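Undergrad: Following the hints, complete the assembly by docking chain U onto the known chain P.
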Amino acid sequence: MKAFLRNTWKHRAHVVMALPVFLILFFIMYVPMAGLVMAFKNYDMTKGIWGSPWNGLDNFKFLIASKATFVQITRNTILYYLLFTAVGTFLNVVLAIAIDQLIFKRMGKTMQTLMIIPVFISYAAVQFIVYAFISSDTGILNKTFQMGTRFYSTANLWPWILLVVKVWKDTGYGSVLYMSVLSGIDSSLYEAADIDGANKWQSIWHITLPSLIPMVTVMLLLSVGNIMHSDTGLFYQVPRNNGVLYEYTQVIDSYVLNAILKTSNFGFTAATSFFQSVVGLLLMLLSNFLVKKIEPENALF
Amino acid sequence: MARNRKEQDLDLAPSRREKKTLGQYVLALLLLLFTLFCALPVLLVFISAFTDEKYIVQNGFTFFPKELSMTGFSTVMRYGAQLGQSYLVTIFITVFGTFLGLLVMSMYAYSISRPDFMLSKFLSIFLLIPMLFNGGMLSGYIIFTKYYGLKDSLWLLILPLCVSTMNVIILRTYIVNSIPSELMEAAMIDGAGDYRTFFQITLPLLKPSLAAVGFMMATAYWNDWQNAMLYIMSDSKKPLQLLLINIQKSIEFLLNNSNVPASVRAAMGGTIPQYSATMATVIVVIGPIMVAYPFFQKYFIKGLTVGSVKG
Chain P
1 MKAFLRNTWK HRAHVVMALP VFLILFFIMY VPMAGLVMAF KNYDMTKGIW GSPWNGLDNF
61 KFLIASKATF VQITRNTILY YLLFTAVGTF LNVVLAIAID QLIFKRMGKT MQTLMIIPVF
121 ISYAAVQFIV YAFISSDTGI LNKTFQMGTR FYSTANLWPW ILLVVKVWKD TGYGSVLYMS
181 VLSGIDSSLY EAADIDGANK WQSIWHITLP SLIPMVTVML LLSVGNIMHS DTGLFYQVPR
241 NNGVLYEYTQ VIDSYVLNAI LKTSNFGFTA ATSFFQSVVG LLLMLLSNFL VKKIEPENAL
301 F
Chain U
302 MARNRKEQDL DLAPSRREKK TLGQYVLALL LLLFTLFCAL PVLLVFISAF TDEKYIVQNG
362 FTFFPKELSM TGFSTVMRYG AQLGQSYLVT IFITVFGTFL GLLVMSMYAY SISRPDFMLS
422 KFLSIFLLIP MLFNGGMLSG YIIFTKYYGL KDSLWLLILP LCVSTMNVII LRTYIVNSIP
482 SELMEAAMID GAGDYRTFFQ ITLPLLKPSL AAVGFMMATA YWNDWQNAML YIMSDSKKPL
542 QLLLINIQKS IEFLLNNSNV PASVRAAMGG TIPQYSATMA TVIVVIGPIM VAYPFFQKYF
602 IKGLTVGSVK G
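Heads up: the protein sequence lines correspond to chains P and U, in order.
Per the numbering used here, the very first residue in the first sequence carries number 1; after that it's consecutive.
Per the numbering used here, the very first residue in the second sequence carries number 302; after that it's consecutive.
If you are wondering where the hints come from, they were derived from the structure by calculation, not from laboratory data.
Being a predicted model, the structure only gives us computed values, none of them experimental.
Virtual Cβ for every residue (Gly too), placed ideally from N, Cα, C.
Just to be clear, a hint being listed does not mean it is correct.
Claimed, not checked - Every beta carbon over 10 Å from chain U, so not counted as near; a handful from chain P, in silico:
id	residue
1	Asn7
2	Tyr30
3	Asn55
4	Lys61
5	Gly88
6	Thr149
7	Thr154
8	Ala155
9	Lys262
10	Ser273
As the list claims (entries may be wrong) - Listed below are the simulated EDC-like cross-link pairs for lysine to aspartate or glutamate, each with C-alpha atoms no more than 20 Å apart in a straight line:
id	chain 1	residue 1	chain 2	residue 2
11	U	Lys355	P	Asp196
12	P	Lys47	P	Asp58
13	U	Lys539	U	Asp453
14	U	Lys447	P	Asp186
15	P	Lys109	P	Asp170
16	U	Lys599	P	Glu247
17	P	Lys61	P	Asp44
18	U	Lys550	P	Asp137
19	U	Lys321	P	Asp58
20	P	Lys200	P	Asp100
21	U	Lys367	P	Asp137
22	U	Lys599	P	Asp170
23	P	Lys166	P	Glu247
24	U	Lys508	U	Asp491
25	U	Lys452	P	Asp44
26	U	Lys550	U	Asp536
27	U	Lys452	U	Glu553
28	U	Lys321	P	Asp44
29	P	Lys143	U	Asp353
30	P	Lys143	U	Glu368
31	U	Lys320	P	Asp194
32	U	Lys320	P	Glu191
33	P	Lys10	U	Glu486
34	U	Lys355	U	Glu368
35	P	Lys200	P	Asp186
36	U	Lys320	P	Asp196
37	P	Lys105	P	Asp44
38	P	Lys262	U	Glu486
39	U	Lys321	P	Asp100
40	P	Lys10	U	Asp536
Same shape as in the complex, but just chain P (with noise of 0.2 Å):
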């Protein structure tokens, strides 16, 4: 104990160092943790979340009584999570791969640059440019293939939708960390290859790719505990917060988001807010459980 004082002492200037973000963290971050205690509380805005009274289970009896929505959102929040990574990983690395294949280096370089763009246009103006596309009057889908489809009102179509949005803004940044990986590959390894007599896809399937898989172990790990988040404003902003499409748009995020613009159903979002949370934690926990099992050094803690 002494000697840990004498140390934090010695290294008082680290500690002076480290305080702003400690204190950011705790704000921000720690104490609306505390404030999931209001799953179990009968929310009243005038007593705030600790003066409001105790309610039990009442929260999680209501979020099963409404099943429905309950359901459809978890439903979706997943789902869209499962589908968006599957194709982004692969996407990712594909387009990674691809690009670092490309002989033409300049012309690679250039393509790049024009691919990650979307990426820094927001959701507020990203819906725009899907309107121009997608609208019944005036998008160019429309006009072009004289389809007269009412994308805005067919809410089957949305899953599709979403996830070419979803590849056009994410998949050309979401490569440069998986490129970063393939620079760093020792080359004398593809020369050793060539003169084994390998082809290029087999200096492909046996080089390029086991050297991704710690980076995509990271990734992966990264985002599961995100699984019951979702990109609030794909499913916010793209599909204009339309209450016809809600079936397949509405994810867990977008609802919150909506009850709290609405200052509806603080019980039920309570409720919801606590699940998405706690499940998260268990998913990633488990998730590093397993990736520590078969591969420690891939493990993020």
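TA: Chain U only, in chain P's frame:
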């Protein structure tokens, strides 16, 4: 500068097997198609902004307009004062937030990477937990507005995006892997204190990582609409993204609300800022990021190496 040139040459050096096979051309073609898929929608924004409003109403959005016009931009300019104010707000939170975040996060990253600093173990865990578990939007909303009394305060646009676990890890990884610890030790031996060592030795060497993280932060600040939508009420504090959303809402209101007298609508004629004008607004909103991006791009690959959290 000379060093940069050399690195660039290295990047562009002929690749391992430089045969221009048919496969290479196919690959180039596929990549080109994907590039078009990414770039064309952005191009459409620019074309539409300069397309005549009536032309869009009649023929829909198009890549090949027959009539060009500047009416879109002149409509945007009608938001004059508010647009200027929103620009100021967005620039302020972006610049202030990014610099504040970079400063405090690099200090934290530096502190937890000091060898033989016993508290660093605890600080690392403290940093990690918010990535695993968080209170969610609702609880944050109530605590920030009711208990901190920060409703309609710019602090709520700045602080929530200021510190992220991921960014601290990126900075920490860079300090540990790319800055030789001998440099810091040498400075200490020469009599520099802890602060001086950090600000004069570590911070300057951290630049590539700061540039990459800083640009991503700046983009996040610039594009943040959610916190603004939740917390900001007064016009004088509205950032650009919220203004964009409000403009869209008011267009929808004008178009759908039957209470708006027909005469008013007729008087506004084609000037309800609908298609070309919203696209012009989008350009005004995303423009600065587009301009800044090429200058930061070179740092992306170098500065963004993520290490594990263990340490």
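Undergrad: Decide, hint by hint, whether the structure agrees.
TA: Results for each hint:
1. Asn7: The claim breaks: P/Asn7 does not keep its Cβ more than 10 Å from every Cβ of chain U (closest is about 5 Å).
2. Tyr30: violated (7 Å)
3. Asn55: holds (16 Å)
4. Lys61: Consistent with the label, P/Lys61 stays out of reach of chain U, its closest Cβ about 19 Å off (over 10 Å).
5. Gly88: For P/Gly88, whose nearest Cβ neighbour in chain U is about 14 Å away, the distance exceeds 10 Å, so it holds.
6. Thr149: About 13 Å separates P/Thr149 from the closest Cβ of chain U, which puts it past 10 Å; holds.
7. Thr154: holds (18 Å)
8. Ala155: Holds: least Cβ distance 20 Å, greater than 10 Å.
9. Lys262: Correct as stated: the minimum Cβ-Cβ distance to chain U is 12 Å, above 10 Å.
10. Ser273: violated (4 Å)
11. U/Lys355 / P/Asp196: violated (66 Å)
12. P/Lys47 / P/Asp58: holds (18 Å)
13. U/Lys539 / U/Asp453: holds (9 Å)
14. U/Lys447 / P/Asp186: violated (56 Å)
15. P/Lys109 / P/Asp170: holds (17 Å)
16. U/Lys599 / P/Glu247: violated (42 Å)
17. P/Lys61 / P/Asp44: Measuring from Cα to Cα gives roughly 18 Å; hence the hint holds.
18. U/Lys550 / P/Asp137: Within the cut-off at roughly 19 Å; holds.
19. U/Lys321 / P/Asp58: violated (69 Å)
20. P/Lys200 / P/Asp100: holds (12 Å)
21. U/Lys367 / P/Asp137: With a Cα-Cα distance of about 19 Å, the restraint between U/Lys367 and P/Asp137 holds, given a limit of 20 Å.
22. U/Lys599 / P/Asp170: This hinted pair holds, its Cα atoms lying about 18 Å apart.
23. P/Lys166 / P/Glu247: holds (19 Å)
24. U/Lys508 / U/Asp491: violated (23 Å)
25. U/Lys452 / P/Asp44: holds (18 Å)
26. U/Lys550 / U/Asp536: Holds: U/Lys550 and U/Asp536 sit about 15 Å apart, inside 20 Å.
27. U/Lys452 / U/Glu553: violated (27 Å)
28. U/Lys321 / P/Asp44: Judged against 20 Å, a Cα distance of about 71 Å means the pair is violated.
29. P/Lys143 / U/Asp353: Holds. P/Lys143 to U/Asp353 sits at ~17 Å (cutoff 20 Å).
30. P/Lys143 / U/Glu368: Holds - the C-alpha atoms of U/Glu368 and P/Lys143 are around 17 Å apart, at most 20 Å.
31. U/Lys320 / P/Asp194: holds (13 Å)
32. U/Lys320 / P/Glu191: holds (14 Å)
33. P/Lys10 / U/Glu486: Given pair P/Lys10, U/Glu486 holds - Cα atoms ~15 Å apart, limit 20 Å.
34. U/Lys355 / U/Glu368: Answer holds: U/Lys355 to U/Glu368 is near 9 Å, not above 20 Å.
35. P/Lys200 / P/Asp186: holds (16 Å)
36. U/Lys320 / P/Asp196: holds (18 Å)
37. P/Lys105 / P/Asp44: Judged against 20 Å, a Cα distance of about 62 Å means the pair is violated.
38. P/Lys262 / U/Glu486: Not satisfied, since the Cα-Cα distance of roughly 57 Å exceeds 20 Å.
39. U/Lys321 / P/Asp100: Holds, at roughly 15 Å.
40. P/Lys10 / U/Asp536: violated (49 Å)
The structure is inconsistent with the numbered hints 1, 2, 10, 11, 14, 16, 19, 24, 27, 28, 37, 38, 40, although it conforms to all the rest.
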